[in-house]
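The whole structure should be built from the sequences, with the hints applied where relevant.
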Amino acid sequence: ACDFDAMKLNDASQKLIRTLDDDDEVVMLMPAAEFVISHGPKRTVLFSLCGDLAATEGVNDFLEDYKLLCANLGTISAALALLALGVETVPSELTWVCIMAMPDVLRKFLKLNTEVIKLTLGELDFLIPFITTCLGTGFASASFDVAGSSMFFTVFVLWFVVNILLVDADLTKRVIEARKSRLGKFVGAFAGLGIFTVLLTFGLFPDAKNRRYTFSLLRNELAVETIALSSRLLSTPLLLLCKFIVKSYRDPSRTNVIKIPLVRHMMHKKDLRRRLRERSLGMAGTFGMGSSSTVLEVSSTTRSPAAAAPSPP
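The opening residue of the sequence shown carries number 251 in this note's numbering; numbering runs sequentially from there.
There is no bait here: all hints are sound.
As a list, the in silico DSSO-like pairs of lysine-lysine whose alpha-carbon atoms are at most 27 Å apart:
{"no.": "1", "residue 1": "LYS497", "residue 2": "LYS509"}
{"no.": "2", "residue 1": "LYS292", "residue 2": "LYS423"}
{"no.": "3", "residue 1": "LYS509", "residue 2": "LYS423"}
{"no.": "4", "residue 1": "LYS509", "residue 2": "LYS368"}
{"no.": "5", "residue 1": "LYS423", "residue 2": "LYS435"}
{"no.": "6", "residue 1": "LYS497", "residue 2": "LYS435"}
{"no.": "7", "residue 1": "LYS292", "residue 2": "LYS317"}
{"no.": "8", "residue 1": "LYS368", "residue 2": "LYS317"}
{"no.": "9", "residue 1": "LYS435", "residue 2": "LYS493"}
{"no.": "10", "residue 1": "LYS493", "residue 2": "LYS368"}
{"no.": "11", "residue 1": "LYS435", "residue 2": "LYS317"}
{"no.": "12", "residue 1": "LYS497", "residue 2": "LYS368"}
{"no.": "13", "residue 1": "LYS317", "residue 2": "LYS423"}
{"no.": "14", "residue 1": "LYS292", "residue 2": "LYS368"}
{"no.": "15", "residue 1": "LYS265", "residue 2": "LYS520"}
{"no.": "16", "residue 1": "LYS265", "residue 2": "LYS497"}
{"no.": "17", "residue 1": "LYS423", "residue 2": "LYS497"}
{"no.": "18", "residue 1": "LYS493", "residue 2": "LYS423"}
{"no.": "19", "residue 1": "LYS368", "residue 2": "LYS435"}
{"no.": "20", "residue 1": "LYS509", "residue 2": "LYS493"}
{"no.": "21", "residue 1": "LYS509", "residue 2": "LYS435"}
{"no.": "22", "residue 1": "LYS423", "residue 2": "LYS368"}
{"no.": "23", "residue 1": "LYS292", "residue 2": "LYS509"}
Calculated directly from the structure, the hints in this document are not laboratory data.
Written as structure tokens, this is what we have:
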């Protein structure tokens, strides 16, 4: 019997393949193309801006030394700004303190990998949530009478893009080795954005009003309500965060935004071992960036009587 445990088949496929005869046909789903990402100081956003390796390493090391300070400052300032929006007794001017969260956002952005950013920008899981988040926060800002609300939502959009939508571009050793830390980030972002959306939808912010704007389009009179439209638009990033939470829980090592398309290969079971071995040798010494680069699925097209169980997904 063949030992398929080391051949990078998923559990369902391993069980299925043992029930088939050597001449039974199977279809193997595998990545269409795998690729290698170069990483280091020269591949970061900061180096692409300044072009000086020594300065890049010096600035990154300096910012890492104050990582905890920047993170705590950002959390506290965001909480104060949110209180200023939602509590009448808190001065509304405190919404401007949200700008103190920008050093942490900037620190994370400067160390992102530029090659992964280019790949991420072409994914629908980046484009659609980015557009809906910008529009949703724009309509939310129009609902508030607080002067600093526009700054608060601008900082939130920047934070969301760097920490959530460009999460795959953070290839620092600390992040790669502690992949499970992403799950807590996604859960926290979902909880914060979800609570804000609920409060806004049910009119629990004292300074928020559901303003109505009308305009003409192709001889038709159209009306837009800011809070109603903002709630609908912000549901898209909330759904994306749910997807990221499930992905991170089931497989912490996979990418969240970047995808690799799968191709189908039909063969006999007896040829499967050779094909997997060739693939493993071809991957030796490479670092694959893709959510589907580590697990293969096999389904059978000709089943023996012993394989009457449902095929794996």
